[in-house]
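Asker: Could you build the full structure based on these sequences and the hints that come with them?
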Amino acid sequence: MRSFEAERRRHLIEATIETVGDVGFKAASLGEIARRAGVSPGLFAHYFGDKDGLLEATLRFMATRLARATATRMRAARSPIERVLAVPESTLAPEEFDRRTSAVWLAFWGQIMHSEPYRRVQAIYLRRMRSNLRHALRELVPPHRLELTVSTIAATIDGLWLQSHASLETRGDGAEARAAVRELVMWLIGPGGGAQASPSAPTARRAWAATNGRGSPIWRAAERLERAEALRRAAELVRRERRALARFEARDTLRPLADIEAHDLPLVVRALERAAERAGEPQPERVRLGSRCYGVELRDTAVAVAAGVHWSAALLSASRVAAPALAAGSSILICSAARKARAIDRLGEILVEAGVAADAFAAAAGEDAERAMRIHAPELAGWERPPPKSAVFVAEDADVPAAAVALLRGPRAWARGRALSETIVFVASPARRALVERLRIEIRSLELGDPTDPACDVGPLPDREALDRALSAIAEAGRVGAALKAGGRTHEFGRGRACHLRPTLLDAVDETMAVAQAPLFAPIVSVCEVADETQAAARLRAFGPKLSLGVFAMEAGRALRFAADAGASVSWINGGAAHTDWGARDVDGFETVRRAIVSEA
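With the first letter of the sequence shown counted as 1, position 197 gets the number 197 in UniProt numbering; the numbers rise by one all the way through.
Derived CB-CB ranges, DEER-like:
(1) 126 / 472: 48 to 54 Å
(2) 53 / 355: 56 to 62 Å
(3) 147 / 262: 21 to 27 Å
(4) 138 / 65: 22 to 28 Å
(5) 453 / 148: 23 to 29 Å
When the alpha-carbon atoms are kept at most 25 Å apart in a straight line, the in silico SDA-like pairs for lysine to any residue are as follows:
(6) 340 / 263
(7) 340 / 453
(8) 340 / 143
Keep in mind that the hints were calculated from the coordinates and are not lab data.
Glycine residues also receive a C-beta, built at the ideal position from the N, C-alpha and C atoms.
Answerer: Below you can see the structure in the form of structure tokens.
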């Protein structure tokens with residue numbers, strides 16, 4: 001019955017298209033349409049209400065038919081450029097230049113200003129076309145040119161279609177219009193085209209390599225206020241492009257887009273802003289130390305630097321080393337162990353747009369990065385080494401539910417590596433059972449999936465080898481006494497090609513186990529039980545003087561004393577920051593500072 005009803009509606013709509021095409025919009029009365037369809041006019045009232053309802057349904061039918069044709073072509077495409085061209089090839093297809101189809105589209109366009117329903121359908125059609133173009137163009141044009149490129153192509157498609165219908169002689173079958181759009185698309189995405197306003201990554205690397213390790217003379221000679229202003233503009237551009245940069249980083253590292261956008265990008269902006277402040281501050285030549293004595297600081301700035309960053313947070317790591325280097329006038333080559341460095345490449349484009357010299361920043365990834373480090377920094381053995389593990393201590397009087405949520409879903413400011421496995425959780429015995437149970441509940445609610453999906457909490461591991469390492473470490477931990485409370489197995493997602501590990505909770509872990517020692521970068525939470533704060537502090541001191549520690553306790557003063565006793569260089573109390581060593585200065589490796597005290601004669 002439903003099939004019969006759908007077929008009857010389709011028959012009436014096709015009769016409407018034929019009538020409007022033959023006699024025009026105003027002359028297409030319900031009586032005339034019914035006569036051509038061979039039905040009673042009352043049947044239209046039954047299915048569509050009135051003439052306006054019939055015409056709106058006709059417009060929706062034509063828009064849906066066009067959308068399906070576009071989707072079919074895009075599914076058949078085998079490359080990004082084919083997906084882009086699928087949109088104009090469908091919209092300007094020969095059937096869209098059929099006399100009746102053209103007449104109906106033109107009639108409806110003429111009525112759009114007088115009908116809200118028609119405007120809604122037209123808005124849906126335009127949004128769908130722009131969305132298809134945007135999705136296909138993401139891999140072909142820089143993010144800052146994406147919307148302009150989409151608008152240009154969309155406007156050209158509609159403009160050429162209208163121009164082709166200016167007269168019967170020029171309408172044809174759309175071949176010339178399709179050819180014109182193809183030429184425009186190839187120009188926009190091709191070398192030297194409108195979409196390539198910024199230097200490409202290979203061009204930037206060639207420009208950096210052309211300096212032969214001497215750095216950019218233009219950037220080095222720039223006034224400090226010029227460097228400060230360029231870095232300030234770069235920070236603002238990064239702030240505007242947070243979502244696009246986060247998407248690139250998610251595709252590079254497979255970390256969730258929402259996590260990167262919420263936690264990494266603000267720190268990238270802050271790194272650039274702090275570098276701008278540093279570049280703009282005048283450096284005093286001398287500091288009066290007494291009536292007949294003064295101090296002098298002599299700064300030797302590195303000309304060019306090659307720095308390696310870990311794949312797990314490549315964009316954030318790159319900004320933290322590149323920003324102070326550029327502030328000091330140095331040039332820098334960022335090398336990432338990730339297979340691709342699209343986010344860092346885009347950061348380089350942003351820096352050039354903001355005013356940084358084109359040969360002052362470059363990025364390399366994968367095998368290119370290995371070759372670059374061998375050539376430019378052979379002394380840096382193991383340059384891709386991961387950041388050290390962080391730790392968390394949950395005291396017996398802590399707010400356990402809040403601690404569990406912060407561990408799994410919070411900003412985790414203490415974590416030098418964003419993956420759950422890179423933080424070891426210590427908990428006082430009285431609170432252990434409650435914390436483990438709460439973590440077990442929370443960890444099962446984490447969403448696995450595509451890291452570019454904003455709803456995703458946990459993305460896949462980089463490859464099968466990384467997944468096997470994680471599973472092996474979990475199995476070994478179980479053999480030596482750890483208790484598996486959740487997860488611990490693979491999860492099939494999509495077509496099963498992604499290497500997903502279900503978020504895993506291990507209780508009764510010892511920090512000497514492989515699961516706590518090895519850099520797994522996996523969704524694994526390891527819980528270590530301690531008798532009291534004294535035992536916890538003693539075990540945490542083994543992490544070394546650069547320990548980054550999170551502490552959850554009711555009394556802040558007691559938590560600060562514990563952090564100091566544990567030897568943490570920086571600690572976060574209940575999620576807030578409190579530095580235990582305020583006088584420590586970051587050592588960035590780009591400046592050598594020598595101090596001298598001079599006594600006046």
